[in-house]
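Asks: Read off the chains here:
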Amino acid sequence: MSFVKLPVLRHGLMLRHEDIFPDVVMAERIKRVRKLMEEKGVGSLIAYSNAIQNGPVCYLTNYPCFGLGRRAAVALGSEEGPFLFTAEPSRNLPRVRLFTTCDLEKGRQFLSAACDRVKKLSKHNPVGLVGFSNLPLGLAKEAEKGLEGLEVIDISRDFHAILAAKDEGSLKATKRAREFAEEGIRFLKEEVASGKDLWQLAAYVDYRLRLLGVEDTNILLGCAAKGRVRPGYPARIRPNAGDTVVAYIAVQYARHWGVVGYTLSVGTTNEEQKATLAGLGEVKKRVAAEIMTGKTLGQVEAIILEAGRQAGLRYATDLPLATGVGFDLLEYPASAEDEVKSGTVFQVTLGIDVRETFTAMIVDMLQVTPSGGVWLGGSAS
Amino acid sequence: LVYSNQLNSELIHYVANCTVLGEKAFCYLPPKGQPVLFISEAWDLERAVKECHLKDVRVIGKNWPQEIASITRSCEGRLGIAGRENLGRFGIEALEKAIGRETVSATRFLEDLATIKSPYELTLIRETAKMADAGFKKALEVAKEGLPDYVLGAEIDYVMREMGATDNFQMLAVGRDITGMLLPWGKKIEPGDLLLFEITPANGSVTYTVQLCRTAIFGEKPDRLLQEKFGVLIEALEESLAVIRPGVRISEVARIQNEIIGRAGYPEYCRPPYMRGRGHGFGLGRIDVEEDSTLEFAEGMSLVVHPNQFIPETGYLALGEHIIVTAKGIERLTRTESKIYECGGGRR
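Residue numbers (my numbering), protein chains in the order written: chain A, 868 to 1248; chain B, 128 to 475.
Simulated from the structure, these hints should not be mistaken for laboratory data. Worth double-checking, as some hints may not be accurate.
Okay, derived cross-link-like pairs now, DSS-like style, lysine-lysine, Cα gap no bigger than 25 Å in a straight line [unchecked claim]: (1) B/K264 <-> A/K1063; (2) A/K1063 <-> B/K265; (3) A/K1008 <-> B/K224; (4) A/K1063 <-> B/K257; (5) A/K902 <-> A/K987.
Treat the numbers as computed from the prediction; the structure is a model and nothing was measured.
Chain A extracted, bound-state conformation (with noise of 0.2 Å):
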């Protein structure tokens, strides 16, 4: 699903995993991205991130924006920086220390310090920028006020791709996200006959997840006796023996996101629902060879597309195929035309409405490799 969550303060366990990002990840990050500066003949970068696109600044310090400014910037020179500047930072910082090890800047226009930073940083040369198209009116002519007179050039396409190519410390974050994730499906699995609504079913879920350590959820359900059913915002609905209940579980640990989606039926699941499920994961199969590094988005939903024609089976046209995830829910690649990189993930969702009696639907993350896609769970998962 491209449902966007927002992390308006991360309530779980926040840490910085240094197990999962040791200072070498973080080094590793910041010279593919200077390598990546002077490839687009940039001296400085700045990257804005909001708590709906953490990735930019995320990737180059560990810093999720969360809680109270939810807004944050990070200027990079060709030899100097990381510097972040976060929003309310005499609130934030204390929090911040917790999981960055990047040099922490105060000022309360964080913004535009960092653009005064990025432009002694610069040295006369162009300064790349990242994520600007998603400033708010007030902070965009605050940039433009700060960068006035450089010569500016947006190198975000280009950036994301790199952060969607997940490097060792994303993939064994996003990896354990998604243990997360099915361990959620599984507390659902154990209480979905219990009496609770689907609003109590995912309160469960969340307290669990977040009893295991992980950072924050989004878990969306839907539930019906018979005909299409979506995963929504949980309703007060209360699942009755041969109901239906379609499951979408994200879990965010270690700043980044996993997800599983997968469909129960309450009490026994009949035979033509066990066949369409047994059909999804087959053509889960199928398409994972398929899928490699160089493809673009769109040949990615073809091959999937493909894939269910030749299985007889015909999505939900209004469930997104495939995206990119990882630090946020909807990542690189967005666009059609968006190139696959090796180690981006994708969250890929194939959902059935069968003759309007019931719905099939999973998810599952694929990681794209340049000899074809590996399920995170496994194929069988």
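Based on these hints, arrange chain B on the given structure of chain A.
Replies: Positioned in the frame of chain A, the structure of chain B alone reads:
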């Protein structure tokens, strides 16, 4: 036109009673006729229709400016957009090009409307206060030696979620000599630790949030120093609440609290970086309780008043009450007494 993204979902919730999933949503309120809600996720359409009860709900895609232009065409004059600031420059340019006329910000207009809550909204807020009370009660019940802070947070969240809380802008801190609210980082509760809470459940929208700020000490009784310093906060809270009634300047609350805390020996700690505001509203219709606030209290306002304070001898202390301004004064919403709490059994 009202615009929300995930960062500002309260705007659409206010006009359409719809929880924004997906990237963006618009609600068009024509001078006459029915509103139209635009959402960005096709799979969420049925749910959105059920939740908002509007007759016309549509899904927009990449050509959203044209889709909005097609229905705003009949409206003459400038188009006011609440949330225009968050559309960003490219969004505004694309929309203005599509509709062929200028747009202006209508955010203030909506903010002003939402400052005074309707009786129905006040009912929602009162329900939220019960969640906050339950969250704090749960925290005191479950606190035990060795319990990590994130588990404490999960317990608070769970009890409130079960009651229907849609979110919890929760900040908490566990330890000694705390300088401010922290994120859960795995700190285990030890005897003598202070547990600081800003329990902040929301009910549907962040606009219907209640905040309960409290301090508890684990495994010990508060010593004389702690009681004395906390007494300053209680005095600041009570004295400032006593002046609130319609027509009184909001800044008066901040002035009284800063004066009392300053008189106790901490004037420099009443300013940034140690402290900022002395309270605030939530979501749409925001109120800031600061010494330079120019707004006056009015009947139907909902806000938290908190003399939370960093004190060098004790560390940060939390105390705050959520109130509704009534015709004659205030209504305190939570039932949790304003005092320092003990949990985990006293040792002295």
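Asks: Compare the structure with each hint and give your call.
Replies: A quick look at each hint next to the structure:
Proximity of B/K264 to A/K1063 is assessed by CA-CA distance (about 23 Å); at most 25 Å being required, the pair is judged to hold. Distance restraint check for A/K1063 and B/K265: the Cα-Cα separation of roughly 20 Å lies within the 25 Å cut-off, and the hinted pair is therefore satisfied. This hinted pair checks out: A/K1008 and B/K224 have alpha carbons roughly 20 Å apart, not beyond 25 Å. Proposed proximity of A/K1063 and B/K257 is supported: the alpha carbons are some 21 Å apart, at most 25 Å.
Only pairs whose Cα atoms come within 25 Å are accepted, and A/K902 paired with A/K987 is accepted, the gap being roughly 19 Å.
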